Amino acid sequence: MTTPASDSSGLAARQAALVEALTAGRPVPEGIDGFRFEAARLALLRKRAGEVARQWPMLAAAFGDRWKREFSSWAAVRPTEGSLRDGWDLARDLTRRGALPPAAAAELAQREAAWHYDSTAAPRSRRGPALRTAGGATALQVAGRVWLLRRP
Amino acid sequence: MAEQPPSYGVGIGRLPSYGVGIGSRPSYGVGIGWRPEIAGFVEGLPGLRFAEVVAESVHAHGELPTGLQVLLDRGVTIIPHGVRLSLGGAEPVDPARVEHFAAVAERLRAPLISEHIAFVRAGGIEAGHLLPLPRSREAVDAVVANVRRVQAAVPVPIALEPIAALFDWPDDELTEGQFLTEILDRSGAQLLLDVANVYANARNRGTDPAELLDQLPLERIAYVHVAGGAEHQGLYHDTHTDAVPQPVLDLVGALCARHVPPALMLERDGDYPPAAALAADLDAIAKASGYPVIT
Chain G
1 MTTPASDSSG LAARQAALVE ALTAGRPVPE GIDGFRFEAA RLALLRKRAG EVARQWPMLA
61 AAFGDRWKRE FSSWAAVRPT EGSLRDGWDL ARDLTRRGAL PPAAAAELAQ REAAWHYDST
121 AAPRSRRGPA LRTAGGATAL QVAGRVWLLR RP
Chain W
1 MAEQPPSYGV GIGRLPSYGV GIGSRPSYGV GIGWRPEIAG FVEGLPGLRF AEVVAESVHA
61 HGELPTGLQV LLDRGVTIIP HGVRLSLGGA EPVDPARVEH FAAVAERLRA PLISEHIAFV
121 RAGGIEAGHL LPLPRSREAV DAVVANVRRV QAAVPVPIAL EPIAALFDWP DDELTEGQFL
181 TEILDRSGAQ LLLDVANVYA NARNRGTDPA ELLDQLPLER IAYVHVAGGA EHQGLYHDTH
241 TDAVPQPVLD LVGALCARHV PPALMLERDG DYPPAAALAA DLDAIAKASG YPVIT
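Protein sequences appear in the order of chains G and W.
The first sequence begins at 1 in the working numbering and counts up one residue at a time.
The second sequence begins at 1 in the working numbering and counts up one residue at a time.
In case anyone wonders, no lab produced these hints; they're calculated from the structure.
Be a bit skeptical, because a hint or two may be false.
What the hints assert, rightly or not - Lysine to aspartate or glutamate pairs mimicking EDC-like chemistry, simulated, CA-CA at most 20 Å apart:
1) Lys68(G) <-> Glu51(G)
2) Lys68(G) <-> Asp250(W)
3) Lys68(G) <-> Asp271(W)
4) Lys47(G) <-> Glu267(W)
5) Lys47(G) <-> Glu56(W)
6) Lys68(G) <-> Asp93(G)
7) Lys68(G) <-> Asp33(G)
8) Lys47(G) <-> Glu20(G)
9) Lys68(G) <-> Asp89(G)
10) Lys287(W) <-> Asp250(W)
11) Lys47(G) <-> Asp242(W)
12) Lys68(G) <-> Asp242(W)
13) Lys47(G) <-> Asp250(W)
14) Lys287(W) <-> Glu267(W)
15) Lys47(G) <-> Glu30(G)
16) Lys68(G) <-> Glu56(W)
17) Lys47(G) <-> Asp89(G)
18) Lys287(W) <-> Asp242(W)
19) Lys68(G) <-> Glu81(G)
20) Lys47(G) <-> Glu81(G)
21) Lys68(G) <-> Glu38(G)
22) Lys68(G) <-> Asp269(W)
23) Lys47(G) <-> Glu37(W)
24) Lys47(G) <-> Glu126(W)
25) Lys47(G) <-> Asp269(W)
Given the structure is predicted, the values throughout are model-derived calculations rather than measurements.
Please build the complete structure, drawing on both the sequences and the hints.
In structure tokens, the structure reads:
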């Protein structure tokens, strides 16, 4: 991204440094109160956790009281791509690690069957039928309708 | 029923000819932020004359959410409130976002739009949050340039909202009052004053919230936000998920003693309480401002 002010004292550079500190674990910009910045960072992660829980209710519910902590530790160095994609990326990560809670498996399998999502761009509806398995759940999508064939 | 206000040319410091406020009415009283989770409650408010909706949550084309269409059909004025334009970003606002905002304003027949004095992304990364600007002349220039880009694309006035921030930048060149007043003067924008933000910032900085009221052009308030918050580890967080605390209501009273704004509204964004608790917050805002209850 090109910006008119490229020196480190310019507004664009200062804003970029702040966002990197907030979302990617970069150092807090000089002169900003560390305690207050950390409070803002944690508040942002809690807010993101709430937004992802609305998009992925079964995933959040499967973690219960541990949801905000689980999501926050995963999201601490990952800037948001929107709550739909954030939840999806987390669910896939958990699946790869074999840590997706069974209660969240059907939700993920159904979405994998209904949508094409390549982890880099917004998910889009699949044109053709699809059979997908995630965390022991299997879902079948035909002509936009989704059937859950197996639960873990 | 707010009539479609006349469009007006945009220029330096030029104000819309029909005065400050939401639209053609002198005042709208107490309103609420419409959210899908509380659509039924909002629809059931007999005295409601205005509400606000998050602009990015409304499709530019296609169907409106049912509850929102019912309000429009009843003549309730709906103001689209943007949260993702990043008016304070060093980069120009994204034309596609501005275009969407304009389309939403048109389909809601909104007499006014609103956004924040903040940035939400930088260097291609989304912060996911409204972030404060350094109070520098360079930041004033950036906001004013972006507000003008929006004004050129949207035919109705814009109101700008100062945000709540847990931290400040070092080396400010301007006080908060100077910073905000200069942005409003140079852009010709109206003010969306969030009383809870004023309270939160003052409490966290250890200053007197009424002091800022005395430094702002209160006559340029289009409408006012009121919201709840909570304290964590000694800092007050503007959560929008708690009841409106008494000190915030007291500040509504202090504002109205100086200048009665044309409209005030409750913002609630999660952990939705039973209807009675929401109604109590709305009634408390009515009481503090002297406007009729809408519940």
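**Study point:** Pairwise hint evaluation, Asp242(W) against Lys47(G), where the allowed Cα distance is 20 Å at most
**Key:** Status holds; Cα separation ~14 Å.
Check your understanding: CA of Lys287(W) to CA of Asp250(W), is that 20 Å or under?
Key -> holds (10 Å)
Review point. Given the hinted pair Lys47(G) and Asp250(W), is their alpha-carbon gap at most 20 Å?
Key: Cα-Cα ~27 Å, so violated.
Check your understanding: Between Lys47(G) and Glu20(G), does the CA-CA distance stay at or below 20 Å?
Key -> holds (18 Å)
Review point. Given the proposed pairing of Lys68(G) with Asp250(W), does the C-alpha separation stay at or below 20 Å?
Key: violated (33 Å)
Point to revise | Given hint Glu51(G) paired with Lys68(G) - CA-CA distance at most 20 Å | key: holds (11 Å)
Exercise for review: Take a quick look at whether Lys68(G) and Glu81(G) sit within 20 Å of each other, Cα to Cα.
Suggested key: With Cα atoms ~18 Å apart, Lys68(G) and Glu81(G) stay inside 20 Å; holds.
Exercise for review: Starting from Lys68(G), check that the Cα of Asp269(W) is at most 20 Å away, please.
Suggested key: Between Lys68(G) and Asp269(W) the Cα gap is close to 17 Å, so the pair holds against 20 Å.
Exercise for review: Decide if the proposed pair is consistent with the structure: Lys47(G) and Glu267(W), CA atoms, cutoff 20 Å inclusive.
Suggested key: It holds: about 16 Å lies between the C-alpha atoms, which stays within 20 Å.
Exercise for review: Take the C-alpha atoms of Lys68(G) and Asp93(G), compute the straight-line distance between them, and say whether it is at most 20 Å.
Suggested key: Holds: Lys68(G) and Asp93(G) sit about 16 Å apart, inside 20 Å.
Check your understanding: Are Lys47(G) and Glu56(W) close enough, with their CA atoms no more than 20 Å apart?
Key -> holds (17 Å)
Exercise for review: Take the C-alpha atoms of Lys47(G) and Glu30(G), compute the straight-line distance between them, and say whether it is at most 20 Å.
Suggested key: violated (25 Å)
Hint violations for this structure: numbers 2, 7, 13, 15 and 16, all remaining hints satisfied.
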